[in-house]
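Student: Dock chain to chain to rebuild the complex, using the hints, since each chain is given by itself in its own frame.
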Amino acid sequence: DTGVSQDPRHKITKRGQNVTFRCDPISEHNRLYWYRQTLGQGPEFLTYFQNEAQLEKSRLLSDRFSAERPKGSFSTLEIQRTEQGDSAMYLCASSLRAVNTEAFFGQGTRLTVV
Amino acid sequence: ILNVEQSPQSLHVQEGDSTNFTCSFPSSNFYALHWYRWETAKSPEALFVMTLNGDEKKKGRISATLNTKEGYSYLYIKGSQPEDSATYLCAHPGNTGKLIFGQGTTLQVKP
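If you're matching them up, the sequences are chains A and B in order.
First residue of the first sequence? That's 1 in our numbering, and the numbers climb one at a time after it.
First residue of the second sequence? That's 1001 in our numbering, and the numbers climb one at a time after it.
Don't take each hint at face value.
Straight line, CA to CA, 30 Å or less: simulated DSBU-like cross-link-like pairs of lysine-lysine [unchecked claim]:
1. B:K1042 - A:K14
2. B:K1058 - B:K1098
3. B:K1042 - A:K57
4. B:K1110 - B:K1069
5. B:K1078 - B:K1110
6. B:K1098 - A:K71
7. A:K57 - B:K1059
8. B:K1059 - B:K1110
9. B:K1078 - B:K1058
10. A:K11 - B:K1059
11. B:K1058 - B:K1042
12. B:K1042 - A:K71
13. A:K11 - B:K1098
14. A:K71 - A:K57
15. B:K1058 - B:K1069
16. B:K1110 - B:K1098
Just so you know, these hints were derived from the structure itself, not from any lab.
Here the structure is a predicted model, which means the values were calculated and not measured.
Same shape as in the complex, but just chain B (with noise of 0.2 Å):
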């Protein structure tokens, strides 16, 4: 069984304010990292899908990065805004596919 930890579990932010959760990951036997926003009432979807140590993924103002070897991700949000407010999700596949998700951690960005 795959372990997957992210931190922190919950974070509270100012509107402009720019800021970074981690995902922890075994690092053996890398596949892939797949970062996902759930917001309330809506269905999660998928925000990168990353596979290569040193990778950096850019979309608007959420960037992540990734480091295979010591087994952690960070997704950054520059300059966050209200509509960022949701629970982040990362996930792990093993060979087979099957994803495990961690905990997830929840910005919530007051105006």
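With the rest of the complex left out, here is chain A (with noise of 0.2 Å):
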């Protein structure tokens, strides 16, 4: 297992066009994460998945963004209508269940939606 793999690395793209990312876990790791991280700012959580079930998504997430975990294997994320605010990194990350457990992150996906 090479760890925790994004697709693409970079991504530009024009106001109001569809994007989707693509994240894949280390294979026996149940949980997986979407961060997003802006310059200067920790990684601000989007939403997580037990599985293929989404346990939690982030209330300051637009209906724009949507994420799914088929299968409980990789996992996408997509942002319909982007906007130029959505510009950021993406970041992917894996980890077995328990809290006491390190999260294995992906190298990330840089969107800049010009």
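Tutor: See the structure below:
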């Protein structure tokens, strides 16, 4: 297992377009998280899954954002009708269920909305 | 919602200096406290996961302490090196395990 992988690494899109990002977690990890990070800030929680179940979605997240994790394996994060304020680094992480186990991060997808 | 706060926001030190940062978190319903290091162009990597009050963990020149009763953790770097330059993040999971991160402390070590 090579760790958590995210695709694409970089995405430039025009305002109003839809984008989809993919995350492949470490295979035995049942927890999967999505975070968004902007300059000078820590990772902001977006949503997380326990296997295929989406346990929580941030109330700060608009309806334009949706995430799925079919079959409890890889996950996708879709942003519809992108806005310039969506420009950020989108990070995926996975972990085992216990709160005292570390999370492993992918290298992120850098989104730029022009 | 659990609030995690880190200070300072940024720090510039000379090579060889020792330094420390603070992470504050709600002391009620404590489960664990995570520290991560995030180097430029890389993924955040876990340094420590701490669970016991009074616990102290060490990895090379980096160590961390935990006070769950007052809700803070310190990260220490002894004899900073340029390769220690990174953003240091702490995170606090609630009882559901959802990791909430602080805003990070960005350390720059000048040769």
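Student: For every hint, state whether the structure bears it out.
Tutor: Evaluated hints:
1. Of the pairs offered as hints, the one joining B:K1042 and A:K14 holds, with about 26 Å between alpha carbons and a cut-off of 30 Å not exceeded.
2. Between B:K1058 and B:K1098 the CA atoms are separated by roughly 25 Å; this keeps the pair inside 30 Å, and the hint holds.
3. For the suggested pair B:K1042 and A:K57, the alpha carbons sit about 26 Å apart, so the restraint of at most 30 Å is met.
4. Between B:K1110 and B:K1069, the direct Cα distance comes to roughly 36 Å. Violation of the 30 Å bound is thereby established for this hinted pair.
5. This hinted pair checks out: B:K1078 and B:K1110 have alpha carbons roughly 15 Å apart, not beyond 30 Å.
6. Restraint check for B:K1098 and A:K71: satisfied, since their Cα atoms lie roughly 21 Å apart, inside the 30 Å limit.
7. Using a Cα cut-off of 30 Å, the hinted pair A:K57 and B:K1059 is violated, with the two alpha carbons roughly 34 Å apart.
8. With a CA separation close to 22 Å, the supplied pair B:K1059 and B:K1110 stays within the 30 Å bound.
9. With a C-alpha separation of about 11 Å, the suggested pair B:K1078 and B:K1058 falls inside the 30 Å cut-off, and the hint holds.
10. Distance hint between A:K11 and B:K1059 is unfulfilled; the C-alpha atoms sit about 36 Å from each other, more than 30 Å.
11. Only pairs whose Cα atoms come within 30 Å are accepted, and B:K1058 paired with B:K1042 is accepted, the gap being roughly 22 Å.
12. For the proposed pair B:K1042 and A:K71, the alpha carbon gap of about 28 Å is at most 30 Å, so the pair holds.
13. A C-alpha spacing of about 27 Å is found between A:K11 and B:K1098, which places the hinted pair at or below 30 Å, so the restraint holds.
14. For the hint linking A:K71 to A:K57, the alpha-carbon distance of about 19 Å falls within 30 Å, and the restraint holds.
15. Simply put, B:K1058 and B:K1069 have alpha-carbon atoms about 21 Å apart, close enough for the 30 Å limit, and the pair holds.
16. A distance of roughly 35 Å separates the Cα atoms of B:K1110 and B:K1098; the hinted pair therefore is violated under the 30 Å criterion.
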